[in-house]
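**Student:** Residue-level listing of the chains:
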Amino acid sequence: NAGVMQNPRHLVRRRGQEARLRCSPMKGHSHVYWYRQLPEEGLKFMVYLQKENIIDESGMPKERFSAEFPKEGPSILRIQQVVRGDSAAYFCASSQGALGGNQPQHFGDGTRLSIL
Amino acid sequence: DAKTTQPPSMDCAEGRAANLPCNHSTISGNEYVYWYRQIHSQGPQYIIHGLKNNETNEMASLIITEDRKSSTLILPHATLRDTAVYYCIVRVISSGGSNYKLTFGKGTLLTVNP
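If you read the sequences in order, they're chains A and B. Just so we're aligned, residue 1 is where the first sequence starts under my numbering, counting upward by one. Just so we're aligned, residue 1001 is where the second sequence starts under my numbering, counting upward by one.
Here chain A stands alone, though its shape is the one from the complex (with noise of 0.2 Å):
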């Protein structure tokens, strides 16, 4: 009965290198969120992934930020050339259904990266 899992839990990199975070959805379950807790603030959602499709990437930064969902594999998060704001937990939902639906969102426990 796995859940949506993500690695590593723990990034440490320095700036200017990449970081590239993993999400598996739960079994079962094609769509993939990606959201952002920076230190002291709630989540702020970044990006939706269906399989080979991004859906809505509205709340991710324009430069050094990509997300996939390849039709084998994990969904990616990949930050180029990080920068010390970068720090921050990073947490993937998935959900079944289409868009719209009434399906909740669950949440892996997330990739906390730092930047040294």
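Wrong hints could be hidden among the right ones.
Stated by the list, open to error - For lysine-lysine, the following BS3-like pairs were computed, each having C-alpha atoms within a straight-line distance of at most 27 Å:
1. 1052/B to 1101/B
2. 27/A to 1101/B
3. 44/A to 1101/B
4. 1101/B to 71/A
5. 44/A to 1003/B
6. 1003/B to 1106/B
7. 62/A to 1052/B
To be verified - Label pairs and their calculated CB-CB ranges:
8. 1113/B to 2/A: 31 to 37 Å
9. 102/A to 1008/B: 28 to 34 Å
10. 62/A to 1013/B: 48 to 54 Å
Said to hold, decoys possible - On the chain A side, residues computed to face chain B include the following (Cβ under 10 Å):
11. 6
12. 52
13. 55
14. 95
15. 104
No wet-lab data here; the hints were simulated from the structure. Given the structure is predicted, the values throughout are model-derived calculations rather than measurements. Beta carbons are placed, not taken as given, at the ideal position from N, Cα and C, and that holds for glycine.
Go by the hints and put chain B onto chain A.
**Tutor:** Frame of chain A, contents of chain B only:
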């Protein structure tokens, strides 16, 4: 989505019922009330959701007032592990729009004391 208002913090004795209120006075007819909680260092955990009828599952009960302007999440027998931030979220359920974006406010920090 309608705005929600929750008290910033509450205390509850272990073994007693925890009743967490949420005000959503501008809720519209096609908006559901969702509850999540976030235990320290973990991801948000889905608890329950409802439209207008009271709902119960293995974790909690959700009581929605008849006018739908407020709701209460009830944890019947709180344990120390229920200490967490509880979020009340109102979400439109429709086939269009960006209603998949969950908006997390500041929530209520529930502290269960021994």
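**Student:** If a hint holds in the structure, say so; if it doesn't, say that too.
**Tutor:** How the hints compare with the structure:
no. : hint                        : result
1   : 1052/B to 1101/B            : 21 Å, holds
2   : 27/A to 1101/B              : 21 Å, holds
3   : 44/A to 1101/B              : 9 Å, holds
4   : 1101/B to 71/A              : 23 Å, holds
5   : 44/A to 1003/B              : 15 Å, holds
6   : 1003/B to 1106/B            : 12 Å, holds
7   : 62/A to 1052/B              : 39 Å, violated
8   : 1113/B to 2/A: 31 to 37 Å   : 33 Å, holds
9   : 102/A to 1008/B: 28 to 34 Å : 29 Å, holds
10  : 62/A to 1013/B: 48 to 54 Å  : 49 Å, holds
11  : 6                           : 8 Å, holds
12  : 52                          : 18 Å, violated
13  : 55                          : 8 Å, holds
14  : 95                          : 8 Å, holds
15  : 104                         : 4 Å, holds
The structure shown violates the earlier hints numbered 7 and 12.
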